[in-house]
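Taken in order, these protein sequences are the chains called A and B.
Just so we're on the same page, my numbering is the position in the first sequence counted from 1, plus 18.
Just so we're on the same page, my numbering is the position in the second sequence counted from 1, plus 49.
Careful: at least some of the hints might be erroneous.
Claimed, not checked - Covered stretches of chain A, going by a simulated chain B footprint (3 or more residues, C-beta under 8 Å):
| id | segment |
| --- | --- |
| 1 | 71-82 |
| 2 | 105-113 |
Stated by the list, open to error - Only some residues are given here: those of chain B computed to face chain A with a beta carbon under 8 Å:
| id | residue |
| --- | --- |
| 3 | GLU169 |
| 4 | THR172 |
| 5 | LEU182 |
| 6 | ALA187 |
| 7 | MET246 |
| 8 | ASP249 |
| 9 | LEU303 |
Honestly, the hints are just simulated from the structure, not real lab data.
Yeah, the Cβ is synthetic: ideal placement off N, Cα and C, and Gly gets one too.
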Amino acid sequence: MRSKPRDDGYDDLLDAAEAGEAYYLACENGHGSLPPRRSCPHCGSPELSEEPLPESGTVETYTTTQIAAPSFSAKTPYMTAVADFGPVRVTGIVRADPEEISVGMRVGLAVGRNTMTGNRMLTFHPR
Amino acid sequence: MTTVRIAGADLTRFGSTPERTGRDLFAEAALGAREAAGISREEFDELTYGNFMGELAERQGHQGPIMAEAAGLDCPATRYEEACASAGVAVRAAVSAIRSGRADVVLAGGMERMTNQETEDTTEFLAIAADELYEVRAGMTFPGAYALMQRAYVQEFGGEREDFAHVAVKNHDHALPNEYAQYRSAITVEDHLDAPMISDPVGLYDSCPITDGAAALVLCSDEYAEEHAIDAPVAITGTGQGGDKMALQDRTHLNRTPATDRAAAEAYADAGITPDDVAAVEVHDCFTVAEVLALESLGFYEPGEAVSAARDGETTKEGSLPVNLSGGLKAKGHPVGATGASQIVEMNRLLTGTHPNSEYVDGGVGVTHNAGGTVASAVVHVLEVVA
Ligand SMILES: [Zn+2]
Numbered sequence: 019m020r021s022k023p024r025d026d027g028y029d030d031l032l033d034a035a036e037a038g039e040a041y042y043l044a045c046e047n048g049h050g051s052l053p054p055r056r057s058c059p060h061c062g063s064p065e066l067s068e069e070p071l072p073e074s075g076t077v078e079t080y081t082t083t084q085i086a087a088p089s090f091s092a093k094t095p096y097m098t099a100v101a102d103f104g105p106v107r108v109t110g111i112v113r114a115d116p117e118e119i120s121v122g123m124r125v126g127l128a129v130g131r132n133t134m135t136g137n138r139m140l141t142f143h144p145r
Numbered sequence: 050m051t052t053v054r055i056a057g058a059d060l061t062r063f064g065s066t067p068e069r070t071g072r073d074l075f076a077e078a079a080l081g082a083r084e085a086a087g088i089s090r091e092e093f094d095e096l097t098y099g100n101f102m103g104e105l106a107e108r109q110g111h112q113g114p115i116m117a118e119a120a121g122l123d124c125p126a127t128r129y130e131e132a133c134a135s136a137g138v139a140v141r142a143a144v145s146a147i148r149s150g151r152a153d154v155v156l157a158g159g160m161e162r163m164t165n166q167e168t169e170d171t172t173e174f175l176a177i178a179a180d181e182l183y184e185v186r187a188g189m190t191f192p193g194a195y196a197l198m199q200r201a202y203v204q205e206f207g208g209e210r211e212d213f214a215h216v217a218v219k220n221h222d223h224a225l226p227n228e229y230a231q232y233r234s235a236i237t238v239e240d241h242l243d244a245p246m247i248s249d250p251v252g253l254y255d256s257c258p259i260t261d262g263a264a265a266l267v268l269c270s271d272e273y274a275e276e277h278a279i280d281a282p283v284a285i286t287g288t289g290q291g292g293d294k295m296a297l298q299d300r301t302h303l304n305r306t307p308a309t310d311r312a313a314a315e316a317y318a319d320a321g322i323t324p325d326d327v328a329a330v331e332v333h334d335c336f337t338v339a340e341v342l343a344l345e346s347l348g349f350y351e352p353g354e355a356v357s358a359a360r361d362g363e364t365t366k367e368g369s370l371p372v373n374l375s376g377g378l379k380a381k382g383h384p385v386g387a388t389g390a391s392q393i394v395e396m397n398r399l400l401t402g403t404h405p406n407s408e409y410v411d412g413g414v415g416v417t418h419n420a421g422g423t424v425a426s427a428v429v430h431v432l433e434v435v436a
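Please put together the full structure from these sequences, using the hints given.
Okay, structure coming up:
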């Protein structure tokens, strides 16, 4: 089987996150964003540097999906959250019990794989 | 600058017609609008056409020329794609073409065919309006994205599920007499609260349906209407468009829609009106929280204040600002690439007294609001009775 082409920048971040070295991109004006980027989405600056992502974030909002697209249909119910990691927000799948999750919950970052598609994605774990 | 008038308008009945092709749907709306305008085919300078998922749903790209043929026209035709705001940007392009002097008569509209595939496939197709790497791979669906926004809204501003239920109940009530609406059935707050969850806290009755349909408008310049004695009492006097970061995670707020703020400010300034002048509004209520966010960004309410508007009766047909008298996306239906044009068709009917809910419009200014994705795009139009 032909292997999928890498998604430039995005797969680099996932590799780094798997090694426990997740990073974000900082611009000279102090804005944060996640790769892939050639310029800061907030101010347009092309001067971006890789900075270590904070160890943990807090859940800002989340949803438990009962009705999914085909690429997630065997995974329901599953939880997706947006978490605040300081310089950036991150969207990920939450690996926790539905009763456990709440706004303000502290989470750490890891990398998971969607066994239906083979795609990797960012995951959150309570900590 | 030339005034842009609505010379003719039509739409298909919205609903589930999986056997009908896209070109058949668009032809019905386009020919209806052309007949209402009474303008012959040689007079059309352009077709501006909105469609979102044609490559996926019908394996058909390059739909502009196909739809020109379907509409019986022989003119340049361009497809506009901006997720659920596709037809809104198509109408805006038509307005620009006429105002620039490049065109006198333009057919503007949109079509979406959505029920000819399984619901879960349609869910997948709709999800491509979100960021593939950072949202779709994390399991974000279209309802899921609005669920994230609704929870963030309630977290900061408060609001009960019952408040959102009242938005849905109102829009179903408004659709009852509308012969074009997909759902012409009343629902109760209890029905809403008892319905299954799709993506918590978005339930089945917070969500618009999957819909097939098309809408079309014949727009012409003031000069053309006068020269050819065309009866076109309503004009599009303002147009505005706003953009925002694609992914929710990159936005300043998860519970506000600045793309709509920007679109509204531009459209109001363009028309020389304020929110106080508006007699009726059609907003993009793909989910109940979307109506709430739209009303705040359009300047009718402060952030955090619109959630109770339907429950308090302010946005019902008898209220001070009737919202979605057509039934909205919630009950009229949401063929995504046709929605922005259909809102203008409905507002034109409301303002000309030919809509079954026209009696609830107290004034001559209407506003339509069409949003793309999680409002990374927004288009606002101002319609006015000018003569
Ligand atoms: Zn920056």
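Verification of the hints:
Residues of the segment 71-82 of chain A lying with their CB closer than 8 Å to a CB of chain B number 5, which satisfies the three-residue condition for coverage. Three residues within the 8 Å Cβ limit are the bar, and the segment 105-113 of chain A against chain B gives 6, so the coverage statement holds. Of the supplied interface hints, the one on B:GLU169 holds, with its beta-carbon coming within about 5 Å of a beta-carbon of chain A, less than 8 Å. The beta carbon of B:THR172 comes within 4 Å of a beta carbon in chain A, closer than 8 Å, and the hint placing it at the interface holds.
Taken as an interface hint, B:LEU182 checks out: its beta carbon lies about 5 Å from the nearest beta carbon of chain A, inside 8 Å. Interface restraint check: B:ALA187 against chain A, minimum CB-CB distance 5 Å, threshold 8 Å, status holds. This hint holds: B:MET246 has a C-beta 5 Å from the nearest C-beta of chain A, less than the 8 Å allowed. With a cut of 8 Å, the hint placing B:ASP249 at the interface with chain A holds, because the nearest CB-to-CB distance is about 4 Å.
Hint status for B:LEU303: holds, given a least beta-carbon distance of 6 Å to chain A, under 8 Å.
This entry satisfies every hint, going by the numbered hints stated previously.
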